[in-house]
Amino acid sequence: MAKIRYTDALTLALQEEMDRDESVFIIGEEVGQYLGTLQVTKGFLEKYGKNRVVDTPISEVGIIGTGIGAAMAGLRPVCEMMRMDFALPAYDQIAQHAAKIRYMFGGQFKVPMVIRGPSGVVNQLSAQHSQALEALFCHCPGLKVVVPATPADAKGLLKSAIRDDNPVVVLEALKIQFQKVDWWEEIQEGLSEVPDDPDFYPELGKAKVLREGTDVTLVGYSTMTTTNLRAAKLLEKDGISAEVVDLRTLLPLDMATPLASIKKTHRAVVVQEQWGLYGCAAEISAQIAERAFYDLDAPVQRVTGAFVPMPYSRALETLAYPNENDVVAAAKRTLYGK
Amino acid sequence: MAKGSPAAEAATPPRKGTFDQEKYLRFYEQMVHIREFEEICEPAFRAGNHGIGGYLHLYSGEEAIAVGIIGAMDLPKGDCFIGHYRDHAYALAAGSDPGQVMAEICGKATGCSKGKGGSMHICDAERGFYGGYGIVGGNVPIALGLGWSIKYRGGDQVCACFFGDGSMNQGGFHEALNMAQLYKVPVLFVLENNGYAMGTSIERSHANTDLASRVESYNMKHDTIDGQNIFTVHERVQEIIAGMRKDPHPFFLECKTYRYHGHGAADTQVTQATYRTKEEIEKWRTQRDPILIAEKILMEAGALSQADRDRIHAEAKDAAKAALKFADDSPNPSPDELLKDVYA
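So the sequences go chain by chain: A and B.
Okay, so the first sequence: first residue is 1 according to our numbering, each after it adds one.
Okay, so the second sequence: first residue is 339 according to our numbering, each after it adds one.
FYI, nobody ran anything at the bench for these hints, they're computed from the structure.
It cannot be assumed that every hint is accurate.
Said to hold, decoys possible - Derived pair list, reagent style EDC-like, types lysine to aspartate or glutamate, alpha-carbon separation capped at 16 Å:
1) B/Lys663 x B/Glu653
2) B/Lys361 x B/Asp412
3) A/Lys263 x A/Asp238
4) A/Lys233 x A/Glu185
5) B/Lys489 x B/Asp585
6) A/Lys237 x A/Asp215
7) B/Lys584 x B/Asp412
8) A/Lys110 x B/Glu617
9) B/Lys489 x A/Glu22
10) A/Lys264 x A/Asp215
11) B/Lys678 x A/Asp165
12) B/Lys559 x B/Glu577
13) A/Lys110 x B/Asp679
14) B/Lys522 x A/Asp55
15) B/Lys559 x B/Asp585
Computed from a predicted structure; not experimentally measured.
Hey, can you work out the whole structure from these sequences and the hints?
Dropping the structure here:
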């Protein structure tokens, strides 16, 4: 076990998989000569050469199309989106092509590719660069959607995504990507620990209990999992024991883990960074209501972002996405103010 | 070739010199088989009792392009190709089983895509056919990736990408062509210029109607040829592919052609009247038909007799009927197929 940052975990995952398998290559904007916009691929061009670290024009449709064709022909492309927002020009290639090729050709082809990049709400990047778009990808049968919350999963789940035989979208949590080891350890001891084993690649579609509790279950993913862990600490001060479930992947979605937790706590709060209307938390809440209604002692609570394009001014921005106090308040609503 | 829209008036120059009679006779047979296959689809769609629904885009009139180009590829060696929704002919030209192609069109379990794709999503992985796609221009960036994989492995194979004039007004098309030239990937971009993107003519949709010249901005090599003459298509493509194998690079080939049927089955004679005349269609059918052109050249060279011609047409009609019968006799996909093949 080594204690490392989330961003270094991403680099390690890519490096280990490129070392292991010659069919893996990286393609995207500024991934090579510029050393990666966020330095995730620093040194890669020198080490692997320009055939495996491909600098592209600002052409997301071309990048994803290259990935799809190369994957169908047996390679394992990793397509980097400088930000996941920039995947939208290529949404047709992702949703209409990558996701559907296996089914619409009756299983004749595989599309083993990864589409990855930083995602989520980040400081004052405003409307077009500060948002969480996972719901758009979750609405596509044929895709897998991975949302790592911790350094261990940033490494492990990215490796699993590269080894998977399907198109996998990996949404990296930019807001916490560069947090130092101490920040993680303050939230919870051991949270920055990453297994050294190069063959550590967890199965996609397995949620995890990151903190055990008895009174209420906080369900989340990506940045919101660390928010939930902070909320659990605050709740503890008020004598409330919260269990924190990190979903880790949204497609496939593991509901067994949160449902088992809710069977124990009888209360659930589902937390999601952005727009609640038709969002991932809505799906998870609906499944809880359908499958665990009689286990519940209170209605499921959702904590989501405001239904607005992300505002720029910090005074407004902080009101637009959930923080740990919002989660605490929601947990207390399930306890009827206990 | 004259620039702009394909013109029915373009003359077919007489064929000079000798040629591989056996090969061109085979191409002729393939074209006739594709024609009869397409021509049986149309009434089968209208009849409504063969399971053919949705869209149905027929290739009649454009046969020399698929046959001449796919016939120039070395599929066992790893050459590959990718198409769009007017895709039956690509599979048939590569030697796919017509029964399986027809069964796919009819939505049967024995279809090449298990009845899950339909007319627009024919494919044959074994023969290097990476499928037909329903979004105009959507296959072009994927072709870039197929070409990239050849370059990545250092092979001398080539990939052909078929698309229509409508694709050239999609943004992704231009991203792909720029990148193809930037990386020198061995993709032969084949423009089947039939003059219309659904009901919109070249003149009404391209600011520059000399379509091949649009790729000059990417420094890409290009040529424009008569897509109705199988000899012209095949010989030119052989030269282009030989060059691509020696020194990997993309090439843009515009083939002037014409489709006899509407854009799809929903484009009836009534809707077609909004954008083209019966006289125009008739002119192409009688003066510029790829099968008639090949027939004339083969007969003049003594490679094809009237009796052989009649036999080939009769066999092709029978083969199309047999394909439809195979599809009719095939079972529907079983209910448990619904959720299979979403993930590998």
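Here is how each hint holds up against the structure:
{"no.": "1", "hint": "B/Lys663 x B/Glu653", "result": "holds (15 Å)"}
{"no.": "2", "hint": "B/Lys361 x B/Asp412", "result": "holds (14 Å)"}
{"no.": "3", "hint": "A/Lys263 x A/Asp238", "result": "violated (22 Å)"}
{"no.": "4", "hint": "A/Lys233 x A/Glu185", "result": "holds (13 Å)"}
{"no.": "5", "hint": "B/Lys489 x B/Asp585", "result": "holds (11 Å)"}
{"no.": "6", "hint": "A/Lys237 x A/Asp215", "result": "holds (13 Å)"}
{"no.": "7", "hint": "B/Lys584 x B/Asp412", "result": "holds (15 Å)"}
{"no.": "8", "hint": "A/Lys110 x B/Glu617", "result": "violated (47 Å)"}
{"no.": "9", "hint": "B/Lys489 x A/Glu22", "result": "holds (14 Å)"}
{"no.": "10", "hint": "A/Lys264 x A/Asp215", "result": "holds (8 Å)"}
{"no.": "11", "hint": "B/Lys678 x A/Asp165", "result": "holds (15 Å)"}
{"no.": "12", "hint": "B/Lys559 x B/Glu577", "result": "holds (13 Å)"}
{"no.": "13", "hint": "A/Lys110 x B/Asp679", "result": "holds (10 Å)"}
{"no.": "14", "hint": "B/Lys522 x A/Asp55", "result": "holds (14 Å)"}
{"no.": "15", "hint": "B/Lys559 x B/Asp585", "result": "holds (13 Å)"}
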